[in-house]
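Chemist: Chain by chain, the residues:
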Amino acid sequence: MSQWVVLAVNSISFGGLLFLLSAGFSLIFGLMRIPNLTHGSFFMLGAYIGVTALRLGLDFWSAALLSGLAMAALGGMIERFLLRRLQGQELPQVLLTLGLSFMIADLSLMEWTGDPISVNTPAGLRGVMPVLGFGFRIYRLAIALIAVAIAAGLWVMLDWTRLGAMIRAGVDDAPIARVMGIRVSRLFTTVFCLGAGLAGFAGMLGAPILSVYPGLDADMLPLALIVVILGGTGSLLGALAGSFIIGILYNFGPALFPELAYVVLFLPMLLVLVLRPQGLFGRQSL
Amino acid sequence: MRRSALALTVLALVTLPYWIGGPYYTNIASQILIWAIFALGLNVLVGYGGLVSLGHAGLFGTASYAAAWLVAAGAGQLAGGLGALALTLLMSALYAALALRATGIGFLMITLALGQILWGIAYRWISLTNGDNGINLSTRPMPLGWSLATPGAFYIATLVVFGLAVSAMASFVASPFGASLRGTRDQPRRMTALGYDVWLIRFLAFLFSGFWTGIAGLLFCYYNQFVSPHLVALSSSAEVLLMVISGGSGTLLGPIAGAALVVIMKNVASAYIERWNLVLGAIFVAIIVLMPEGLVPGSQRIWRWAWRVRDLPTAEIAR
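Protein chains in written order, with the numbering used here: chain A, 1 to 286; chain B, 1 to 319.
Bear in mind the hints are in silico, worked out from the structure with no lab data behind them. Beta carbons are placed, not taken as given, at the ideal position from N, Cα and C, and that holds for glycine.
What follows is a set of in silico ranges between Cβ atoms, one per label pair, in the way DEER data are often shown: (1) A:R276 to B:M1: 54 to 64 Å; (2) A:M110 to B:H230: 16 to 26 Å; (3) A:M110 to B:L290: 23 to 33 Å.
Bound conformation, chain A alone (with noise of 0.2 Å):
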């Protein structure tokens, strides 16, 4: 009993951490009409950033905050120097994210080495909490927290703000929000530092469940490819639904299927694929 409750914990945190990841996609996914397969890097990379920052003598949460900085100014330097060259063609920017990505891979891998790197959990978040007779991770419930109190920050703006309404007329139709003047260019590259932001700060928050590696970064991008298949692109809400269910399957897979794991994480998919084909929360189809 008390192992399909710790499952359940570890199911929520990492559904908080997978939303954190892809949210990101999803908007940049509504906004520009393309998946940024380099996606899972920014996680990884965010995570080895806020490595060494901690061995530089950073606390936690300041060196997750800056991989998050460092991360959005990464994607912000990639969609303003790279991306916007290839603007309107969709297949070529895919591809170009594509080749980055394995860029990225390998100089992490020469500067960080193969090893995997654990990091310690902070300060203050160690240790478990009992509850009605369970005794709960404290860290992970904390990640659950963040990326709620994150997913309650992106709808305020998205649904509240000026930039968000723009961010939605963007998403439902770009050629009349231009036409009505607004730069949706600037919009491209805010979701995109955005995006990249959030993945890179959930990679260093994940970093001490996870721990770092080379290959992360390709485990990652799958997950963020199957929640926004399965919530719906461009949707906060198809993100945060996608992302739980993902947290689920993807802790209690291996423990009931223990060879056929990786099959059960995609099943969903592939069901929303045939039944609903634009998502369960999204508005157009792929």
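Dock chain B against the given chain A, drawing on the hints supplied.
Modeler: Just chain B now, with coordinates in the frame of chain A:
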């Protein structure tokens, strides 16, 4: 002119093991041919169908794994090869049924996800695939009693298959079916209005592409006599897509040139630096930003431009 150039190329290719200077280079030539068949297969979808697949390594790996597994399980080489091809076709049909629910970027994402599932099976379903350790193939097959154990013999056999693949592609491009596939790439709605079943055309093209991908996978399994999850990884799918795009998608020669370029680069690069993925990514980015139409059409463009520049003074005088 054209015919004699073709004859010279064929002659050079057939006698390659004698003049290239060593089994190492013969083996590289075999690798190029295998990857060229793979790239030609993918080009059917990317170039003529306008459908970019990032999961083709899954089909390639299916053929390799199935052949190695069947032979290891005691089936004969012939049964193993045929069974692997049949399984690859079945897998292609499954891929197509799911991925063709979308086109464009959606198609790319679904094939990517499917490729990752197959990678996950190869890597994690250890009782079936032996996980990271892979499966060994004890011997190469002996078609008609002809041993393929030496690099030269294997090269010639690969060259025969390669010739078949090229002529199959050439007749495919010229056929009404090829024309209708290009039609679905350029004007799917008009094709529907004209009474073509766009979905069925794409589905059949996917099977055709999957078939040649499977052939390449089989050859690769025979070449290495070993299969591992690395074969099915996203980087394989990206590599073969890079071959198609760098050479020039939608042309017959492009994927072959791309395969030669990438395989040679890979072998040369790995002799000097161990960072092949970095080089792969950098070439990818450079080609997409600088020569988006690919090397073969790109150099044709520069060639034509150079000729026009040379002809220009005469044209000026004539005026």
